[in-house]
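Novice: Numbering-wise (this note's numbering), the sequence shown opens with residue 158 and increments by one.
Don't take each hint at face value.
Now the in silico label distances, taken between C-beta atoms and shown as ranges [what the hints assert, rightly or not]: (1) D280 x T174: 20 to 28 angstroms; (2) S399 x P256: 18 to 26 angstroms; (3) D201 x R268: 26 to 34 angstroms; (4) A350 x N159: 31 to 39 angstroms; (5) T172 x N248: 12 to 20 angstroms; (6) A350 x A251: 22 to 30 angstroms.
Hint data in this document are derived by calculation from the structure and do not stem from the laboratory. Each residue gets a CB set at the ideal place from its N, CA and C atoms; glycine is no exception.
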Amino acid sequence: MNNSTIIYGLINYATLTASAGSDSGHPLTNLQDGRYYTQWQSGDNSQNQTLIVLFGSARDVNYLFFANHNLASLGLDGITIESSNDGVTWNSWASASGPYVDPFYFPISLRNLLGVRLTFAKDTALSAAVQIGMIFIGYQVTLPLYLNLPKRGLKIDLVRDEALSGLRYVASTAPERQTWELNYGSFKQPQIAQIFNWLRTVGVGLHPFWFQDMDENWHFLRCDNDAFGSAGKGNLFFDLKSLQMSEERVGIGMTIPGGYLV
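Please build the complete structure, drawing on both the sequences and the hints.
Specialist: In structure tokens form, the structure reads like this:
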């Protein structure tokens, strides 16, 4: 039994540069839209191609996370990871080796940095162009073990606010979603600080995130729109004892009011 982990470092506000460019139908912006099923595809299968991620300001980073990818089929020697504090000078950090399962989670020593450069390392041409649906880079939240048994269920007609790129739309029906409720006696430092920063980032239901349960299975989730009630107002946040989440429709496009596809 392991502590649960929440991965929420979506790179939606970063500047991205790929040395091999992008396939015309699969641009780099697909890595920033919060959708699982849209992919970036590099422009060719050239050797040792790089992907640079520059954040608008420095952030703490101690993991890399890739989902909906073809990394296992590229014949890679490894993924070389470098960090930068100015976007110009790059410093060696780590190398991530396979097997490149999907999703692929790579914990790494903590650094505060402005940018990350990934090299898909192979001295000859890759077996195919790189394809990645999501990249999360940041500092994860590690939750305490549950004090009560977690609840998991299926809601046929779950209703919640759907969102895209940080903009909230009207409530819509989200059919047949798995849901989770994690119950605790209380949160203590440092979990309170971590969870507050996470809540502020995801906007309580606006942005998706990845959740690793105590059996080390990964789930693509959002907070339910009523998950925290008045959390964050005054001292009420410190009484928070339950997290309520529901899964995204992974791999399935869904049109919400306004004609937006999520």
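Novice: Look at each hint and say if it fits the structure.
Specialist: Now for the hints, and whether the structure bears them out:
| no. | hint | verdict |
| --- | --- | --- |
| 1 | D280 x T174: 20 to 28 angstroms | 22 angstroms, holds |
| 2 | S399 x P256: 18 to 26 angstroms | 36 angstroms, violated |
| 3 | D201 x R268: 26 to 34 angstroms | 31 angstroms, holds |
| 4 | A350 x N159: 31 to 39 angstroms | 21 angstroms, violated |
| 5 | T172 x N248: 12 to 20 angstroms | 19 angstroms, holds |
| 6 | A350 x A251: 22 to 30 angstroms | 26 angstroms, holds |
In this structure, the hints that do not hold are numbers 2, 4, in rising order.
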